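If you read the sequences in order, they're chains A and B. Sequential numbering of the first sequence, starting at 1, is according to this note's numbering. Sequential numbering of the second sequence, starting at 1, is according to this note's numbering.
Derived by calculation from the structure, the hints in this document are not laboratory data. Given the structure is predicted, the values throughout are model-derived calculations rather than measurements. Built from N, CA and C at the ideal position, the CB exists for glycine as well. One or more of the hints may lead you astray.
What the hints assert, rightly or not - Here are the simulated BS3-like cross-link-like pairs (lysine-lysine), alpha carbons at most 30 Å apart as the crow flies:
(1) K127/A x K29/B
(2) K34/B x K142/A
(3) K11/B x K59/B
(4) K34/B x K127/A
(5) K29/B x K11/B
(6) K142/A x K31/B
(7) K127/A x K110/A
(8) K110/A x K29/B
(9) K11/B x K110/B
(10) K127/B x K31/A
(11) K34/B x K59/B
Unchecked claim - Each pair of labels, with its calculated beta carbon distance range:
(12) N118/A x W141/B: 28 to 34 Å
(13) Y8/A x I112/B: 35 to 41 Å
(14) Y8/B x G56/A: 55 to 61 Å
(15) Q45/A x Y8/B: 49 to 55 Å
Chain by chain, the residues:
Number of protein chains: 2
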Amino acid sequence: MAKDIYHYIVKEALEREHWVVVSDPFIMKSKRLKARLEIDLELEQILIAEKQSADGVRKILVEVKSFLRPSLVHELHSVIGQYFNYSIGVEELAENYDLYLAIPIYAYEKLIEIGLFNVVVERLSIKIIVFNPATKTITLWKE
Amino acid sequence: MAKDIYHYIVKEALEREHWVVVSDPFIMKSKRLKARLEIDLELEQILIAEKQSADGVRKILVEVKSFLRPSLVHELHSVIGQYFNYSIGVEELAENYDLYLAIPIYAYEKLIEIGLFNVVVERLSIKIIVFNPATKTITLWKE
Chain A
1 MAKDIYHYIV KEALEREHWV VVSDPFIMKS KRLKARLEID LELEQILIAE
51 KQSADGVRKI LVEVKSFLRP SLVHELHSVI GQYFNYSIGV EELAENYDLY
101 LAIPIYAYEK LIEIGLFNVV VERLSIKIIV FNPATKTITL WKE
Chain B
1 MAKDIYHYIV KEALEREHWV VVSDPFIMKS KRLKARLEID LELEQILIAE
51 KQSADGVRKI LVEVKSFLRP SLVHELHSVI GQYFNYSIGV EELAENYDLY
101 LAIPIYAYEK LIEIGLFNVV VERLSIKIIV FNPATKTITL WKE
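Generate the whole structure from the sequences, applying the supplied hints.
Put into structure tokens, the structure is as follows:
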């Protein structure tokens with residue numbers, strides 16, 4: 001699929017937060033699922049050990065959404081389905097990834113006014129990165 | 001949204017199976033969810049009592065999908081999200097409804113070859129009506 005207009009902005013914003021882009025895009029091919037899924041970005045960050053715990057690498061997958069369609073609810077349908085389907089794909093991977101949806105701040109502020117959005121995010125444990133397209137920065141990590 | 005091309009075919013096929021159309025479309029407005037959701041059809045069927053149980057009415061809501069887009073997986077994202085979001089809406093209703101996705105047989109036969117589809121249907125307990133557009137009949141009810 002064509003890259004979302006905010007793809008490069010999110011990439012830059014995450015790099016500024018010391019995330020390293022590993023794949024752009026990240027392609028998942030699962031024999032069991034018989035599907036090829038393409039997620040916008042794979043990134044990782046080295047975690048420095050605190051006290052007894054060992055150093056580690058945190059890995060995330062990020063799907064960037066613009067929410068530019070006129071109907072927020074229609075766009076919500078496809079975004080939610082995509083996230084859920086991707087999350088099934090991520091379970092198949094050998095490594096542990098956190099899957100995020102990157103949403104621009106102007107859309108996020110409207111979405112959280114919609115009860116349906118909040119219920120769905122809660123039920124499906126959807127992780128969200130909110131970004132500001134103007135400043136190219138991450139404004140919120142929602143686990 | 002524009003009516004799916006198979007809307008009338010599914011309606012006719014269900015009427016032939018003694019379902020009565022109550023709403024076309026069925027509009028859900030939820031104050032809590034702050035969303036207006038439109039499902040293609042609301043139907044009901046009188047259940048004749050067997051032995052001690054009382055007569056009753058079975059109510060279903062049906063969203064018709066054509067799966068005519070070139071990419072089955074992309075269409076799957078939006079269909080799955082729509083079903084999940086509708087199911088959250090249906091929980092808000094005062095009456096008990098079973099929510100179904102109506103899928104044409106040619107698409108269903110391809111979808112069940114995709115492991116991802118089967119896993120998602122299982123996880124989200126998606127109910128499906130498979131119909132044959134040529135004969136205008138229901139070929140499968142999958143609970």
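Hint check against the structure, violated hint numbers in rising order:
none
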